[in-house]
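**Q** In case you want the letters, here they are:
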Amino acid sequence: MSEQPFTLAIPDADLEYLRKKLDVVRLPDELDGAGWQYGAPLAHIQRLLAHWKDGFDWRKAEAEINKLAMFTRDVDVEGFGTLNIHYLHQKSEVKNAIPLLFVHGWPGHFLEVRKLLPILTAKSPDHPSFHVVAVSLPGFAFSEGPKKPGFEGRQYAEVLNKVMLALGYNEYVYQGGDWGHLLGAHVAHQYGHKHVKAWHSNMPCYRAPKLLSNPFLTLEPYYSAAARQRISKSAKYRVTGSGYFLEQATKPQTIGYSLADSPVGLLAWIYEKLVAWTDEYPWTDDEVLEWISVYWFSRDGPAASVRIYHALTGGSTHDSFAGAARSTIPLGVSYFPKEIIQLPKSWTQLLGNVVFESEHDKGGHFAATEQPEALAGDLRKMYGKGGPAHGVVPGRNGYD
Amino acid sequence: MASTTAEEQPFTLAVPDADLELLRTKLASVRFPDELEGAAWDYGAPLADIQRLVTHWKNSFDWRKAEAAINTLPMFTHDIEVDGFGTLNIHYVHQKSAVKNAVPLLFVHGWPGHFLEVRKLLPLLTAGPADQPSFHVVALSLPGFGFSEAPKKPGFKGRHYAEVFNKLMLSLGYEEYVYQGGDWGCALGAHAVTHYAHTHIKAWHTNTPFYRRPKFLSNPLLFLGLLTLPFNEPALAGLQRSQEFMKKGMGYYMEQATQPQTLGYSLADSPVGLLAWIYEKLVSWSDDYPWTDDEVIEWISIYWFSRAGPAAAGRIYYEITNRNTNDLFEGTKRTTVPFGVAYFPGEIAQTPKSWSKMLGKVVFESTHDKGGHFSAFEQPEKLASDLHKMFGKGGPAHGVVPGRNGYD
Numbered sequence: 001m002s003e004q005p006f007t008l009a010i011p012d013a014d015l016e017y018l019r020k021k022l023d024v025v026r027l028p029d030e031l032d033g034a035g036w037q038y039g040a041p042l043a044h045i046q047r048l049l050a051h052w053k054d055g056f057d058w059r060k061a062e063a064e065i066n067k068l069a070m071f072t073r074d075v076d077v078e079g080f081g082t083l084n085i086h087y088l089h090q091k092s093e094v095k096n097a098i099p100l101l102f103v104h105g106w107p108g109h110f111l112e113v114r115k116l117l118p119i120l121t122a123k124s125p126d127h128p129s130f131h132v133v134a135v136s137l138p139g140f141a142f143s144e145g146p147k148k149p150g151f152e153g154r155q156y157a158e159v160l161n162k163v164m165l166a167l168g169y170n171e172y173v174y175q176g177g178d179w180g181h182l183l184g185a186h187v188a189h190q191y192g193h194k195h196v197k198a199w200h201s202n203m204p205c206y207r208a209p210k211l212l213s214n215p216f217l218t219l220e221p222y223y224s225a226a227a228r229q230r231i232s233k234s235a236k237y238r239v240t241g242s243g244y245f246l247e248q249a250t251k252p253q254t255i256g257y258s259l260a261d262s263p264v265g266l267l268a269w270i271y272e273k274l275v276a277w278t279d280e281y282p283w284t285d286d287e288v289l290e291w292i293s294v295y296w297f298s299r300d301g302p303a304a305s306v307r308i309y310h311a312l313t314g315g316s317t318h319d320s321f322a323g324a325a326r327s328t329i330p331l332g333v334s335y336f337p338k339e340i341i342q343l344p345k346s347w348t349q350l351l352g353n354v355v356f357e358s359e360h361d362k363g364g365h366f367a368a369t370e371q372p373e374a375l376a377g378d379l380r381k382m383y384g385k386g387g388p389a390h391g392v393v394p395g396r397n398g399y400d
Numbered sequence: 001m002a003s004t005t006a007e008e009q010p011f012t013l014a015v016p017d018a019d020l021e022l023l024r025t026k027l028a029s030v031r032f033p034d035e036l037e038g039a040a041w042d043y044g045a046p047l048a049d050i051q052r053l054v055t056h057w058k059n060s061f062d063w064r065k066a067e068a069a070i071n072t073l074p075m076f077t078h079d080i081e082v083d084g085f086g087t088l089n090i091h092y093v094h095q096k097s098a099v100k101n102a103v104p105l106l107f108v109h110g111w112p113g114h115f116l117e118v119r120k121l122l123p124l125l126t127a128g129p130a131d132q133p134s135f136h137v138v139a140l141s142l143p144g145f146g147f148s149e150a151p152k153k154p155g156f157k158g159r160h161y162a163e164v165f166n167k168l169m170l171s172l173g174y175e176e177y178v179y180q181g182g183d184w185g186c187a188l189g190a191h192a193v194t195h196y197a198h199t200h201i202k203a204w205h206t207n208t209p210f211y212r213r214p215k216f217l218s219n220p221l222l223f224l225g226l227l228t229l230p231f232n233e234p235a236l237a238g239l240q241r242s243q244e245f246m247k248k249g250m251g252y253y254m255e256q257a258t259q260p261q262t263l264g265y266s267l268a269d270s271p272v273g274l275l276a277w278i279y280e281k282l283v284s285w286s287d288d289y290p291w292t293d294d295e296v297i298e299w300i301s302i303y304w305f306s307r308a309g310p311a312a313a314g315r316i317y318y319e320i321t322n323r324n325t326n327d328l329f330e331g332t333k334r335t336t337v338p339f340g341v342a343y344f345p346g347e348i349a350q351t352p353k354s355w356s357k358m359l360g361k362v363v364f365e366s367t368h369d370k371g372g373h374f375s376a377f378e379q380p381e382k383l384a385s386d387l388h389k390m391f392g393k394g395g396p397a398h399g400v401v402p403g404r405n406g407y408d
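The listed protein sequences correspond, in order, to chains Z and W.
Position one of the first sequence corresponds to residue 1 (our numbering), numbered consecutively onward.
Position one of the second sequence corresponds to residue 1 (our numbering), numbered consecutively onward.
The set of hints was computed from the structure by calculation and includes no laboratory data.
Treat the numbers as computed from the prediction; the structure is a model and nothing was measured.
Just so it is clear, CB atoms sit at the ideal spot from N, CA and C, and this is done for glycine as well.
A few of these clues could be false.
What the hints assert, rightly or not - Which residues of chain Z face chain W? A few of them, derived with a C-beta cut under 7 Å, are:
#1 Leu22
#2 Arg26
#3 Ala40
#4 Ser258
#5 His318
#6 Asp319
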């Protein structure tokens, strides 16, 4: 089935059902002075709930979302039949704009591309332009998810590549963070050079080097304070912020019951990350609730989205890079200070062929939302005239 | 000074109709996730199980009937003063034996357990055969569980739980007593004996023995024993089960130890969320126990209707591990009061038996061929029999409580 325009239209019954649920929420108590130490604070959740019930206007948000150029199409995945995939496709007026595939993560979604769109597609002699495609990963937002086990890095990459090919972009570049980064390694491995000509990540991380194969890199933290500092920033995430990862990687169905059934449960589960993982981003209640709503109203339900953790880690038996060998296509990376996983910058070369690096003094994990100008600026530098990845896509160098 | 028995209040469980109504409303509007084909238990609690249990909960389970049966147990509450935390109103079962000199025994549950795990043990321990020792049994709801109040502020540590245990027993006139526990009951037992061994706790027993890996400096022989591990088949099998648990079964632990409040919103608000979260453990941690739907729903209901709400219980992981920066035994020390252990094959964290020596002065050991983590519930006769052997005439801990050796 070829491309169909997509209009988001949540049935009234679903809105009514949510309203009913919000009316009978039972909240826990909270320890005195808990702050953020035990998780999402009660006062925040109460305020957001009240707004969800009485202030947030889903139909208004939906209408705004529908102004975006959205589509669905059936994508065949070997061994899994067809999945109906939802995506945003915003072309630039620049005919030779660079096709760019933007891939979100968890708890992200396709709308994270929103603020980047006008910047990336804008026409100017001073910077390159992009045709932007932002796919909802299978099992997220309005894309169908796989119905059986075994849908792993290879299959996600296959879906992403097939969408680009179907849009006529035989060669393209890739940008992602969170799962977008991890899947980027898979896409680069499977389709590097042939289809994906370069990629960029705003969450550059990889496996730690091994002493025998990379003695200098392995030993760097021992003599570099900067390297040590970066690693220590990751410690907080590892020690106190990765419970969700382990549960989702081992028992996604168990936590799925809560996420599917409880709006406040889903809200807290995600909101905790929206705040903890950003660099003091001034979330408005409307922004948060729109974000959560995309999960609540997602096509396969919120539980489907967390299966990616189990799928990509073999149920927590290996890391997410398994099966994705290092590709030699150009790689660009952006370092944001409040990113949750930070490793010595020298280790990034293990991830890929680093041709572009930039470091920022503001921004966190959700860089496209928090620092869209900075992120877009990096892409412009990387692909612009004189940039290290300029002209990687033959015939589409970003300028007319 | 311990509170006097005069302040003890009889406790009758009486969940308000409004609470039953709210639950009914929520159960009537559950939204289920889908499930991958052929998932079985690979991704967590299976959809078919959860749907069947929700249907049972909605249409068949009779809470008032369960409540009435619970109320046939002798239950009480008592205000216990805890240093730095004010008073906590603690709920407990106190079943005395007809044998005047019965051994006072404190039974301590864990997570996702509760005080009712003692139920099947009660007749076996308080009114067993005449040639076996009898016990006066006290089974409390841990602070934040069942019908005990929860602490209101951060920092409720192992020594505070121990303080609650000890003050409760003293308030009942049991200056000296023995202790039995599994899961948190085991870890908290280590904390309790650290503070009250000899003075009050005269012996202790656990049905879930586990401990830290031995360090060379503190336990050289046990450390060296690790080298022979590859040749110790039973220990290897046990370690494999432990590794399986460590790799695949620790998500709940990590989340509860680091973000219990975040998780708590789901558990407080969603009956099916709470059901799945706990049921997954009831099945995977037990040894093919044939759970009936009524048993499961009653079990979950204790959490759903708990005094402090379901979100409070998980905080114990955070507090005792200091937000996942230390293990469960931090702050404990090995004591020399007699210590008994029971090894059950379905236990989730099976460390080599020799490691139990680090936990306490092992005077009694038993190895069973059936039973898992919830052995008081799954194999009450086996567990009771262990306690009979340990404390009975000729047993290694016979007469540890002066004047209360279990026989008249």
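**Q** None of the hints should be skipped; say for each whether it holds.
**A** Results of checking the hints against the structure:
Hint on Z:Leu22 is violated. Least Cβ distance to chain W is approximately 10 Å, over the 7 Å limit. At about 5 Å, the closest approach between the beta carbon of Z:Arg26 and any beta carbon in chain W falls short of 7 Å, and the interface hint on this residue holds. The closest approach between the C-beta of Z:Ala40 and any C-beta of chain W is roughly 5 Å, which is under the 7 Å cut-off, so the hint is satisfied. Checking Z:Ser258 against chain W by beta carbon gives a least distance of about 3 Å; that is within 7 Å, so the hint holds.
The restraint placing Z:His318 at the interface with chain W is violated, with a minimum CB-CB distance near 11 Å, outside the 7 Å limit. Against a cut-off of 7 Å between C-beta atoms, the interface hint on Z:Asp319 is violated, since the closest Cβ of chain W lies about 13 Å away.
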